[in-house]
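A.B. asks: The whole structure should be built from the sequences, with the hints applied where relevant.
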Amino acid sequence: MSTRRAAYEARQRRRANLLAGASTLVVLGLLVLLVPLAPGWAAVKSSFFDGEIFARTFPDLARAFLINIAIFAWSVPLIMVLGLAIALARGARAPVLFPMRIFGAIYVDLFRGIPVVLLVYLVGFGIPGLGLPRPWNSPYIWGTVALVLTYSAYVAEVLRSGIESIHASQRNAAICLGLSERDTMRYVILPQAIRRVVPANMNMLVALQKDVALLSFIGPVEILRQAGIFKSLLANFTPYVVAAVIFLCVTVPATRYADYLMNRDRDART
Amino acid sequence: MPEPRLALRGVTKSFGDVQVLHGIDLSVAPGEMVCLIGASGSGKSTLLRCMNGLEPVDDGEVRLDGVDIAEPGFDLGPVRQQIGIVFQSFNLFPHMTAYDNVALAPRRVLGEDARVRIEELFTRFGLATHISKYPDQLSGGQQQRVAVIRALAMRPHTMLFDEITSALDPELVGEVLDVLRQLRDDGMTMVLATHEMGFARELADRICFMDKGVIAEEGSPDVIFSSPTRKRTKQFLASVLR
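Protein chains in written order, with the numbering used here: chain A, 1 to 270; chain B, 1001 to 1242.
Keep in mind that a hint or two might mislead.
[To be verified] Examples of chain B residues lying across from chain A (beta carbon under 8 Å, computed):
| id | residue |
| --- | --- |
| 1 | Leu1054 |
| 2 | Ile1085 |
| 3 | Phe1087 |
| 4 | Asn1091 |
| 5 | Pro1094 |
| 6 | His1095 |
| 7 | Leu1104 |
| 8 | Met1154 |
| 9 | Arg1155 |
| 10 | His1157 |
[To be verified] If you want the ones that stay clear, here's a sample from chain B, every Cβ over 10 Å from chain A, calculated:
| id | residue |
| --- | --- |
| 11 | Gly1010 |
| 12 | Ser1040 |
| 13 | Gly1084 |
| 14 | Ala1105 |
| 15 | Pro1170 |
None of these hints come from the bench; they were simulated from the model. We treat Cβ as the ideally placed atom computed from N, Cα and C, and that holds for glycine.
C.D. replies: Rendered as structure tokens:
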């Protein structure tokens, strides 16, 4: 049984889908037709999209990507813990904790203000240069430190904005029940604040996953460096395209999954 | 006359340059129900918030069972267990179920797993089937009743209600007022800021009409509603009782 309105809306929907499909086909068709007409297309095709090299380098690059994942995996908890600590330090109001506030502010200014790649160089080459014994001169350690310093500063700011976005009435309600400031933050403010900034933090993690590749500059043979090695070996850029595809295989599902989590969380409460 | 539960003397309060309370004197006896009426901005809410220390007073005394809790630096933690407050906008914690909203403070402040007591409260106020729901899944009236239960779970001897029906759809006001009636029957000491004139007249022991930060007139409901003496009181009542 469809009402007059439902029939009309179904008709409109069919029409919209048809138009969207047609326009997509036209754009794709133009790309497929026109790009090969460019004078350098043959050269670009053989040096970036060589199917045989793609297949040959894929397994090794996928294996190298495991290193990226490992560095990412141990960086994330460190970033979250440190980011939360900095965010709380910046919000501390007790006079005794004033030095913490100042420290937090300086920390955020400093590490948000330096390009990640520069910090990777400075920390990754500078600190082992102090002549530390193995394993303390490992680029894995100092590369991770550089990433954690930068990203915890960003995460701290995201969390702080989340904390400040929780309406004062929530704090009032908690305080009036006799909860301490500490319990109010822990049980009432933070859970809401963290939930609210999940999308922002997921964006941060996607960016981090990509920035792990910067560690290739100081040693670890992760996917970008492995692709560079193949490029020199085979005199072909296809390995970089392989690396890009592998990155997308992780980052696209990760962002979609974050959206899904947010929607599910919202649906559960309404 | 027994010692008053709450006794305010010369309470003043300013927000920036705006003085909201101009010297309030008010006593509330144990078991008494006092209704604060008056126009928006007359200082009703601020006065309530000064009674449990949510807003620090600028000057004057707020005595709870004889102890001046308005003294700067006074530890208000214990006070807030004895005085519960419910707000116009419910202020439930949206990330917790109704039960967890209520159970948090007893668990953290009293160190008590109050499950049985809390379930009894939900049953008593007709919310037993909603105990595991999130605030967003409840109607305004149900949310406000949960907020009342949340305050009651701390076993306060005094309750403050800040226009708790003003944000509700008209058909939901009754269920919340019924809760207040039950508390009245329990002998709870209560101070309400309210626009529910019929309710105030029916149940209050005393009405305080507030105007521009002072209690302009106070007395029994019959006197205030039938034969107010002040011109401002007459005007206000004439405008709200139309």
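A.B. asks: Decide, hint by hint, whether the structure agrees.
C.D. replies: Hint-by-hint comparison with the structure:
The beta carbon of Leu1054 (chain B) is positioned within 8 Å of a beta carbon in chain A (closest approach about 6 Å), and the interface hint is therefore held. The criterion of a C-beta within 8 Å of any C-beta in chain A is met by Ile1085 (chain B), whose closest approach is roughly 5 Å, and the hint holds. Residue-level restraint check for Phe1087 (chain B) holds (minimum Cβ-Cβ distance to chain A is 7 Å; threshold 8 Å). Checking Asn1091 (chain B) against chain A by beta carbon gives a least distance of about 4 Å; that is within 8 Å, so the hint holds.
For the restraint placing Pro1094 (chain B) at the interface with chain A, the shortest Cβ-Cβ distance is roughly 7 Å, inside the 8 Å limit, so the hint holds. Interface restraint check for His1095 (chain B): the shortest CB-CB distance to chain A comes to about 5 Å, inside 8 Å, so the restraint holds. Below 8 Å, beta-carbon pairs count as interface contacts, and Leu1104 (chain B) has one with chain A at about 6 Å; its hint therefore holds. Interface restraint check: Met1154 (chain B) against chain A, minimum CB-CB distance 6 Å, threshold 8 Å, status holds.
The beta carbon of Arg1155 (chain B) is not positioned within 8 Å of any beta carbon in chain A (closest approach about 11 Å), and the interface hint is therefore violated. For His1157 (chain B), the shortest C-beta to C-beta distance to chain A is roughly 14 Å, which exceeds 8 Å, and the interface hint is violated. Distance check for Gly1010 (chain B) against chain A: the nearest CB is about 24 Å away, which clears 10 Å, and the non-interface claim stands. The beta carbon of Ser1040 (chain B) sits about 18 Å from the closest Cβ of chain A, which is more than 10 Å, so the claim that it is off the interface holds.
Its beta-carbon lying about 8 Å from the closest one in chain A, Gly1084 (chain B) breaks the requirement of being farther than 10 Å from that chain. The Cβ of Ala1105 (chain B) does not lie farther than 10 Å from every Cβ of chain A; its closest approach is about 4 Å, which violates its non-interface assignment. With a minimum CB-CB distance of about 23 Å to chain A, Pro1170 (chain B) clears the 10 Å threshold, and the non-interface call stands.
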